[in-house]
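Peer 1: Read off the chains here:
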Amino acid sequence: MADEVVLLDRWPSPYCMRVRIALALKGVICEIKDEDLSNKSTLLLQMNPVHKKVPVLIHNGKPICESLIIVEYIDQVWNEKPPLLPSDPYQRAHAKFWADFSDKMVCLYSMSLLTSKREELEVATKEFKENLKLLEEQLGDKHYFGGEELGFLDVALLPIITGFKTREIYGKFKIEDEFSKLFAWANRCLQKESVSKSIPDQEKMYGLIVEMRKKFGVE
Amino acid sequence: MAIDEVVLLDFWSSPFGLRARITLAEKGIKYEYKEEDLRNKSSLLLEMNPVHKKIPVLIHNGKSICESLNIVQYIDEVWNDRSPLLPSDPYQRAQARFWADYVFPAQKKLAFATKEEKESAEKEFLDALKLLEEQLGDKDYFGGDKFDFVDIAFAPYYSFFKIYEIVGNFKMEEEFPKICAWAKRCMQKESVSMSLPDSQKVLGFFMEMRKNFLGTE
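As you go down the protein sequences, you meet chains A and B in turn. Throughout the first sequence, residue numbering follows the numbering used here, covering 1 to 219 in sequence. Throughout the second sequence, residue numbering follows the numbering used here, covering 1 to 217 in sequence.
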């Protein structure tokens with residue numbers, strides 16, 4: 001019996017991007033339904049009644065919510081492909097810790113980008129760069145956070161790169177200059193079709209942010 | 001055979017630390033408990049959790065694991081020969097992880113709500129508990145017949161029930177009879193009753209913290 005896989009999605013959502021990347025890496029055929037969050041579908045409200053948010057993966061009619069939980073679920077179910085999570089419990093805990101950390105990064109910085117005037121972004125940029133430094137230390141000289149291959153933590157972090165251009169413009173710095181290892185990692189990941197076809201390009205994200213900032217009166 | 005060295009950096013009243021303590025007790029793991037003074041954090045804590053500098057931190061043979069639910073999962077995976085806490089079925093696991101994450105946020109808002117925030121914080125809290133009570137249903141535990149991951153995530157908050165009643169002005173037993181019955185059932189488990197601090201002590205400590213935070217009783 002063929003699996004029925006549906007993803008309730010929103011293209012700019014970093015949380016949804018994680019799921020799209022994981023599905024692509026595992027070669028899962030999935031129907032993607034784009035949600036209008038100002039007018040949520042009955043399906044979304046039925047499948048995620050608690051938070052009413054995307055992403056929601058619906059696998060043979062059963063919903064799974066919260067992006068990192070979904071990625072782990074995908075990894076366990078489609079386990080004939082290379083695993084995203086390490087098998088060693090300590091490495092797993094380590095990957096999950098840094099994946100949670102990236103959640104906080106995404107949230108905080110996105111909020112400030114949409115609510116702060118340009119002159120107020122300095123503090124947020126400083127914090128963002130401190131976090132990038134921590135991440136770069138974690139990456140070290142590895143090709144990927146997962147080691148030789150893309151893993152769980154790479155999937156959790158990859159959405160951040162769609163905002164690199166935006167952060168460089170508003171933060172007035174260059175990631176290539178200050179975080180060369182992360183920059184190389186981002187380019188390495190983008191060469192994989194599973195990644196590049198799953199996430200929007202940085203220009204598109206920048207355009208969206210500018211539009212939203214104008215809408216909120218902070219541009 | 002090498003003996004495992006297990007250390008837990010913790011604070012006596014922390015519900016997050018309690019999750020780790022209950023789990024260690026459930027699995028019958030011997031460990032060294034180190035109480036942290038959170039106003040004067042030890043160099044060990046700062047070294048083992050440099051990112052967040054928070055407890056709990058589990059140190060297993062010198063390697064640190066942080067974040068309470070991560071610690072619970074880690075313990076479950078390493079000491080996997082007894083009392084499994086997470087279901088092996090991927091869908092059931094995902095559900096357990098979802099509800100364990102759900103447990104915490106609304107109760108923090110209520111606990112520290114100012115006068116102006118109280119009404120909306122209380123509503124949010126009551127809605128969250130209502131959902132949890134529905135999720136529990138007529139089961140003995142969130143895990144079904146057995147006490148497991150979601151139960152461990154939530155059981156520490158039993159020490160706070162009195163606090164919710166005082167701050168929120170409602171009775172837990174009246175509003176959430178199933179959750180109260182569940183809590184009593186959990187307290188009959190040795191791993192829980194020996195790990196939970198005295199609720200009067202927690203109440204006193206917390207009300208003091210709340211007074212300092214809000215500048216009011």
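No lab work stands behind these hints, which were simulated from the structure alone. Each hint should be verified, as a subset may be incorrect.
Stated by the list, open to error - Once the Cα atoms are required to be at most 30 Å apart in a straight line, the calculated DSSO-like pairs of lysine-lysine come out as:
#: 1; chain 1: A; residue 1: Lys-40; chain 2: B; residue 2: Lys-211
#: 2; chain 1: A; residue 1: Lys-104; chain 2: B; residue 2: Lys-109
#: 3; chain 1: B; residue 1: Lys-41; chain 2: A; residue 2: Lys-133
#: 4; chain 1: A; residue 1: Lys-53; chain 2: B; residue 2: Lys-27
#: 5; chain 1: A; residue 1: Lys-53; chain 2: B; residue 2: Lys-211
#: 6; chain 1: B; residue 1: Lys-41; chain 2: A; residue 2: Lys-52
#: 7; chain 1: B; residue 1: Lys-146; chain 2: B; residue 2: Lys-30
#: 8; chain 1: B; residue 1: Lys-108; chain 2: A; residue 2: Lys-104
#: 9; chain 1: B; residue 1: Lys-27; chain 2: A; residue 2: Lys-52
#: 10; chain 1: B; residue 1: Lys-139; chain 2: A; residue 2: Lys-104
#: 11; chain 1: A; residue 1: Lys-53; chain 2: B; residue 2: Lys-30
#: 12; chain 1: A; residue 1: Lys-129; chain 2: A; residue 2: Lys-40
#: 13; chain 1: B; residue 1: Lys-118; chain 2: A; residue 2: Lys-52
#: 14; chain 1: A; residue 1: Lys-104; chain 2: B; residue 2: Lys-146
#: 15; chain 1: B; residue 1: Lys-27; chain 2: B; residue 2: Lys-162
What the hints assert, rightly or not - Over the 10 Å line for every Cβ pair with chain B, so calculated as not near, a few chain A residues:
#: 16; residue: Lys-62
#: 17; residue: Pro-89
#: 18; residue: Arg-92
#: 19; residue: Lys-142
#: 20; residue: Arg-188
#: 21; residue: Arg-213
What the hints assert, rightly or not - Stretch by stretch, here's where chain A covers chain B in the computed footprint (C-beta under 8 Å, at least three residues):
#: 22; segment: 6-15
#: 23; segment: 145-154
Cβ coordinates follow ideal geometry from the N, Cα and C atoms, glycine included.
Peer 1: Indicate, hint by hint, whether the structure satisfies it.
Peer 2: Hint check results:
With a CA separation close to 41 Å, the supplied pair A/Lys-40 and B/Lys-211 exceeds the 30 Å bound. A C-alpha spacing of about 18 Å is found between A/Lys-104 and B/Lys-109, which places the hinted pair at or below 30 Å, so the restraint holds. Our distance criterion of 30 Å between C-alpha atoms is met by B/Lys-41 and A/Lys-133, whose separation comes to about 24 Å. Distance restraint check for A/Lys-53 and B/Lys-27: the Cα-Cα separation of roughly 36 Å exceeds the 30 Å cut-off, and the hinted pair is therefore not satisfied.
At roughly 36 Å between alpha-carbon atoms, A/Lys-53 and B/Lys-211 are farther apart than 30 Å, so this suggested pair is violated. Simply put, B/Lys-41 and A/Lys-52 have alpha-carbon atoms about 39 Å apart, too far for the 30 Å limit, and the pair is violated. Proximity of B/Lys-146 to B/Lys-30 is assessed by CA-CA distance (about 23 Å); at most 30 Å being required, the pair is judged to hold. Pair hint B/Lys-108 plus A/Lys-104 holds up; C-alpha atoms about 18 Å apart against a cutoff of 30 Å.
Between B/Lys-27 and A/Lys-52 the alpha-carbon distance is near 36 Å, which puts this suggested pair outside the 30 Å criterion. Note on B/Lys-139 and A/Lys-104: the hinted pairing is violated, with a Cα-Cα distance of about 34 Å set against a maximum of 30 Å. For the proposed pair A/Lys-53 and B/Lys-30, the alpha carbon gap of about 41 Å is over 30 Å, so the pair is violated. With a C-alpha separation of about 35 Å, the suggested pairing of A/Lys-129 with A/Lys-40 is violated against the 30 Å cut-off.
Taking the CA atoms of B/Lys-118 and A/Lys-52, the gap is near 24 Å; set against the 30 Å cutoff, the hint holds. Between the alpha carbons of A/Lys-104 and B/Lys-146 the distance comes to roughly 33 Å, so the proposed pair goes past 30 Å and is violated. About 29 Å separates the Cα atoms of B/Lys-27 and B/Lys-162, which keeps this hinted pair within 30 Å; it holds. Look at A/Lys-62: its CB is around 6 Å from the nearest CB on chain B, not clear of 10 Å, so calling it non-interface is violated.
Distance check on A/Pro-89: its Cβ comes as close as 4 Å (rounded) to a Cβ of chain B, failing to clear the 10 Å threshold; non-interface status is violated. Not every beta carbon of chain B lies more than 10 Å from that of A/Arg-92, the smallest distance being close to 7 Å; the non-interface claim is violated. Distance to chain B confirms A/Lys-142 as a non-interface residue, since its nearest Cβ pair spans about 18 Å, more than 10 Å. With a least beta-carbon separation of about 25 Å from chain B, A/Arg-188 lies farther than 10 Å from that chain, consistent with its non-interface assignment.
Non-interface call for A/Arg-213 relative to chain B: holds, since the shortest CB-CB distance, roughly 28 Å, exceeds 10 Å. Chain A is given as covering the segment 6-15 of chain B, and this is violated because 0 residues of the stretch bring a CB closer than 8 Å to a CB of that chain, at least three being needed. With 0 residues bearing a CB less than 8 Å from a CB of chain A, the segment 145-154 of chain B misses the requirement of three and the coverage assertion fails.
Checked against the numbered hints given earlier, the structure breaks hints 1, 4, 5, 6, 9, 10, 11, 12, 14, 16, 17, 18, 22 and 23 and satisfies all the rest.
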